Amino acid sequence: MEISPDTTVVWSWGFVNINLTILFTWGVMVLIVFCAWLATRKLTMHPPLSRWQNIFEAVVTLMRSHIREIIGPQINRYLPFLGTLFLFISFSNLLIVIPEYRPPTGSLSTTTALALCVFFAVPAYSIAAQGVGGFLRHYIEPSPLMLPMHILGDFTRTLTLAVRLFGSIMSESMIAGALLAVVPFFLPVVMKMFGLLIGQIQAYIFAVLAAIYIASAAGTHRTQDKTLTN
Amino acid sequence: MHIDLFTLFAQIVNFVVLMLLLKRFLYKPILRTMDEREHRIGADLDEAESKLAAATREAAVCHSERQEIEDKRGEMLSAAQEEAAAWRRDLIQQARDEIEERQERWRQSVEREKQSFLSDLRQRAGEQVYEISRRVLEDLAGVDLERHIIDTFIARLPGAQEPGFEAFSTPNAEATPTGDEPGAGWKPEAVICTAFEIDDETRERIEAAVRLLLAGDFNLRFELSPDLICGIELRAGGQTAAWSLQNYLETLDENLSRAFARKPGEER
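Top to bottom, those sequences are chains A and B. FYI, the numbering used here numbers position 210 of the first sequence as 210, with every residue one higher than the one before it. So the number in the numbering used here is just where the residue sits in the second sequence, counting from 1, plus 1000.
If you're looking for bench data, these hints aren't it; they were derived computationally from the structure. Keep in mind the model is a prediction, meaning the values are calculated, not measured. Even for Gly, the Cβ is constructed at its ideal location relative to N, Cα and C.
Calculated cross-link-like contacts (lysine to any residue; reagent style SDA-like; alpha-carbon spacing at most 25 Å):
(1) B:K1028 <-> A:Q74
(2) B:K1023 <-> A:I127
(3) A:K42 <-> A:W52
(4) A:K192 <-> A:I55
(5) B:K1028 <-> A:E69
(6) B:K1028 <-> A:L62
What the simulated footprint calls covered on chain B by chain A, stretch by stretch (three residues with Cβ under 8 Å from a Cβ of chain A suffice, anywhere in the stretch; the number is not a length):
(7) 1020-1026
(8) 1032-1040
Let the sequences and hints guide you as you build the complete structure.
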């Protein structure tokens, strides 16, 4: 049984191997962009709103409220990155109801890529918020002795991000496949429903953790704490 | 469980591309629309607040105006009530005055009718008494009433020297019933009025008695006066000496007046 869709290569040219992960990722990307286009092609300010506009406005509003709670008032700066993380993982996991579909998030390469994006986004946002000095300073706070722990923490949290998402989605696919072989009818449907729930939870966890890492590195939460203390 | 490096980089690129596409097709338009809506709602709320404030002020003005109208209405109502009460009092007073006036007119009318009735009654009673007395005396006693009246009149004529009758001694011009100016040959006049015709003999007796009473030269004239009920009268020099049923009838008149004035149920 194939664990990852990376192993199924659809097209190959030299070192360029288009596997199922990339293929389904493109499909998910096209679907998301198409839905976004549907939602925004006829935007109106006054009711009645279109169904797609309603859905995406609700999703965007929800993401903005979470970002405001976790990071602070600079919502629009973080929304594209965190929102795209959530939407991509969420759509990828939602489509498991389609037969023969293999979620790209079930590939360690994909989850690692997303974790790496978070890994690079955290210092980028931190430097943008408080400069290079501010970014580097948080490694030696509250004591320079914490420097190794901070560096180790950066790598481990990237690893946990990647492995958590991959493990959740891959295990769900594995269990569903195994149960399909043993009990071909009713139980796989239930497992698919669990899979949908777990996929949405994982999308939420991944995006929220990324927001927390960014907030932690950018020092916005410390600023908020100081503001509250003052 | 391995990581394909090409897939890893491809997914990074895919993610970045997806982020850019969503930023272009989703986040920017959605956020712009939401911001505009938020601003519009904020502006609408501000406008609503200003309108609410204006409406509140307008309501306060309306309330005060309504209160003022209510006060004016109360004042006008009380004034109208007072005016109506005054009008009612005036009307009642007018009605009372009118009723009193009508009562007074009615009372005067009744009084006139009573006086007229009494006068008429007195006249008729006198005539009837006279007629009855004359017949009774004539039929039962063979006495002529007129003659007896004249005899009684002559007998009761006072002497010229009696106190109070000095004026009869000199009939003057004022006693003339005609009021003519005294001139040559003019004589004072004395008048004998009777309610019945008297014969010449009786006239001579009367004239002799009057000339005994009155001094000086004068003319004596006889007049028939039905108003003198059953009586005879001498007028001379502004003085009058009479005998008739007038006194008795006046007594009857007084008694009847008292009977009219007596209220129902009052004891006699």
